[in-house]
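Chemist: Protein chains in written order, with my numbering: chain D, 4 to 886; chain L, 96 to 205.
Keep in mind that the hints are not guaranteed to be accurate.
To be verified - Simulated pairs of lysine-lysine, DSS-like, Cα-Cα distance not exceeding 25 angstroms: (1) L/114 with L/178; (2) L/182 with D/67; (3) L/178 with D/42; (4) D/67 with L/141; (5) L/172 with D/42.
FYI, nobody ran anything at the bench for these hints, they're computed from the structure.
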Amino acid sequence: MALASQIGSLFRNLLRKRQVEQQLDEEVRSYVQILADEKMAEGMTAAEARRAAQAEIGGIDQVKQSVRDRRAGSGIESLWQDVRFGTRQLLRSPGFTVTALLTLALSIGANTAIFSIVNVLMLKSLPYPHPERMGTIYTRFTGRGASDERHNINGEQWELLRDNVPALISAVSGGTPGVNLEAGSAVRYVADGRVSAHYFDVLGIQPMLGRTFTEDEDRPHGPPAVILGNGLWRTLFSSDAAILGKPIRLKGEPFTVIGVLPPDAITPANADLYTALQPSRNGEGGGTNFDAFTRLRDSATWQEADAEINRAWTTREHRYEKSDDPNATVSYHSVPLQGGQAAELRPQALALMLAAGFILLIACANLAGLTLVRMMRRSAEVATRMALGASRWQIQRQFWIENLLLALAGGAAGIGMGFLALRGLLILLPKHFLPVAHVPLDGRVLTFALAVSLFTSILFGMLPALGARKVDLRSSITSRSVVGTGHRRLRQVLIAGEVALTVVLLAAAGLIVRTLVHLETLPPGFNPNGVITAKASLDDARYHDQKTFLQLLDESTAAMRKIPGVRNAAVGLSLPYERVLNDGVTIHGGPDDGHQVGTDVVYVTPWYFETLEIPLAAGRSFLPSDGPNDAPVAVINSTFARKFFPGVNPVGLRLDKGVQIVGVAADVPISSGLNPIAPLMSEETMYIPAAQVDPRLLALVHTWFQPSWIVRSASPVEGLTEQMQKALTSVAPGLPFSGFYSMRDVQATTLSKQRVETALLSTMALLALLLSAVGIFALVSSIVSQKTREIGIRIALGSSIRRAMFHVGSPGLMASLLGMLLGLALAAGVLRVMRSVLYGVDIYDAPSLIAILAVLVLVTLGATVLPTMRVGRIEPAKTLREE
Amino acid sequence: MDSKQTNLLQGTLDLLILKALAAMELHGLGISRRVEQITHGTFVVKPGSLFPALHRMEEAGWLSSFWGESENNRRAKYYRLTKAGKKQLETEKEEWARVALAMANALKAT
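With the rest of the complex left out, here is chain D (with noise of 0.2 angstroms):
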């Protein structure tokens, strides 16, 4: 009941506060009225009476406010009165509020941007039912060359894998390439998910219409059958319901189309649609080509599973993973998927979460700066509100209160950032780039922003907080200018710190600019200009015949020499910067004899070098007369000969199967498949005439890989990619080309993640500079203000103009000095983390160290003279009188 009543009253308190406030204005005046009307009974006059009684309640407001005090809901009260204060203190310094507003912007948006993108890749489930039962299978060797990786499998470990392991529902694809789709009279180039039967049972996807793979078609041979994804379903047959049960035509054969996947399904083969794998052990599941997933049954456990996989897969015959090392112990074991896909952008995730973390500290260091001052400005206010008896409590809960009123504005402003820098970052990232559909600003993004705000608004508000408590009252009120040498060493300190954390930032993005532009200038050793090519699909059942595919490259080509301006034109499997096809190759002769050695393999036609300019170091290149069945040749590059023919001109040399060296070809910056060091380097390269592929290998090897063609031309020629889309279709009708590109392209695409990181970390390290050039402006700026008076002493007294802007910016100057030492040091110890993905640079940069410590300086100075122009205008005769 009581509580009841107190609630009542809260509420009637809260909204209806004038009615309240009447009442108890009526209430008080009565009793004056009375005690006054006592009085007059006593034989005062009215006048006595009336300020008798005055003077005995004492002061009506007083009475009125301590009923006020007493009231439900008093606290919320006050609050509301302290943040309408505390707005209007902040409306009245619009530069300060909106610098520090921005500068929460800037730094809550960077890191809520960073951090919705680690959300989604590291915390986010994966948008599959029970994602906690999803997993992969990582491989461990321990003794020499240890390592924990996800490896791909070969068909004999699947067929053990699907067979032998009841814990799991086991699924595996193998790769997403490009085929032709023939849907009404136009024939596209599409995304096919190769996967085999069980693999939507283990992503958890129900298909919308049908159903999914069954066994049977899973097997080699099977009948042909396709699974279409929402998208194209829609966009290429309309929505159509009756498809199913259809045959349509792709990869130049009949295939029924036996289910279609709802709108929102995500797997991470991320296709067009999805044709049945067909495992087997020969073939392509000869090697280790197929990538598998798998799905905890209810009743198992990992344990179970990880022991039956290792039973399963250790008995085998031949263990491949031995090969390098007879005696490595090999076991195997389970991952969770997310873990398992994350893990490779998870160094890049946490590195860009530092640096978003860097960032909101040198924000922090400004607006603690930027309070500090304020405070000090205050101070007066401060003592006079002391001196009335306002509390410390009251004091300090006032400056929080404006300090949270900030950081929340600041966060709101900064979640709106936030979201337009991701829609930015999404559009800069290259496509499939994350392995998530869509990135959302979810309630935990928001939380995490919100903590963000709090804790900046902490962080930036402890300083002055500390420093209010310092106010002395006397010297407060007497003194306008009270901010000692003690709060300018403070802000020194501030800014020394950002300036080292940006150092350490700008360092950072200078190694990861020079990786890139070291990466992007490689010796390209092939002319990439006036090229432009386009890829077409040959998994097709037209082109598996050799004679077929031969007379498709030989006349598609010279079709495309005869358009007017072109000068070559060549076809090849794979293009430089491109990943590339690899095989085992046996050597004779040199210090490898008879080994059997890993190399990276291209097919090419005839004019290929010619056409990509490629310089021949020594014997030939290809000729129309190097045909099927003419003596086997081949061309190696530089580092294939360097590698395993050392000193000896390898022209003339044989590899295995009686193929003779005839030519050593520059080498081309490659996207190795064999073993990756660099996202671009040169690598053992073999390139064998077109015309010598081994037939049966055809049809795989354009599973896996869509050739290019090349056209070089002098000049841009008018449609020139219409006339070679007419070229390939006058000898292939309907084959349709992927889309066109130049070697640029063609590189960048090679390189996004490399552009990614670099955009990304480069943005934050001109965040990072901006906010040091704001902290370091502030700063003297502040001085030049507070020291207007000491500035017209000194120049009344015949110092110089310069020397009194020397006096009042060196503090800033020092500071940042003071910075940059502190910041490289630190660079040097936090650098090395970054070793792994620099490349073509040391983590000891001296050029880029140089580059960023001169900008900096400029920077530091700018900063610092722009404000102390000011000292110029200082006129000594009228500031003195102003004092």
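Given chain D, work out where chain L should sit, using these hints.
Modeler: Coordinates of chain L only, in the frame set by chain D:
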């Protein structure tokens, strides 16, 4: 009068107000006079403590108020005990008796 005035003990004021209102409905000054009267001038309740206490007790549900006419036909806010207030008076009386007895015993002890 001031010399005779004793500082009100914590909690005493509530009890005195409840007691003053137990017999009749009173307005603010009336309560103050009544307390003075029943304590024989030992306690004088000043408006600065009277009003906050009245409002607090009203919010607690012990008192209810209404607007009425004073003896001199002045509009004044009158207070009376609610049911909860009567119960509270009993509770506080018992409490006070306990405290008073304990204090007396404590001071008698050697």
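Chemist: Holds or violated: residue 114 of chain L with residue 178 of chain L, Cα cutoff 25 angstroms?
Modeler: Holds: residue 114 of chain L and residue 178 of chain L sit about 14 angstroms apart, inside 25 angstroms.
Chemist: Check the hint pairing residue 178 of chain L with residue 42 of chain D against an upper bound of 25 angstroms on the C-alpha distance.
Modeler: 35 angstroms, violated
Chemist: For a C-alpha distance cap of 25 angstroms, please report whether residue 182 of chain L and residue 67 of chain D respect it.
Modeler: Cα-Cα ~29 angstroms, so violated.
Chemist: Are residue 67 of chain D and residue 141 of chain L close enough, with their CA atoms no more than 25 angstroms apart?
Modeler: 13 angstroms, holds
Chemist: For the pair supplied as a hint, residue 172 of chain L and residue 42 of chain D, confirm whether the alpha-carbon distance does not exceed 25 angstroms.
Modeler: 20 angstroms, holds
The structure fails hints 2, 3 (numbered hints given earlier, in ascending order).
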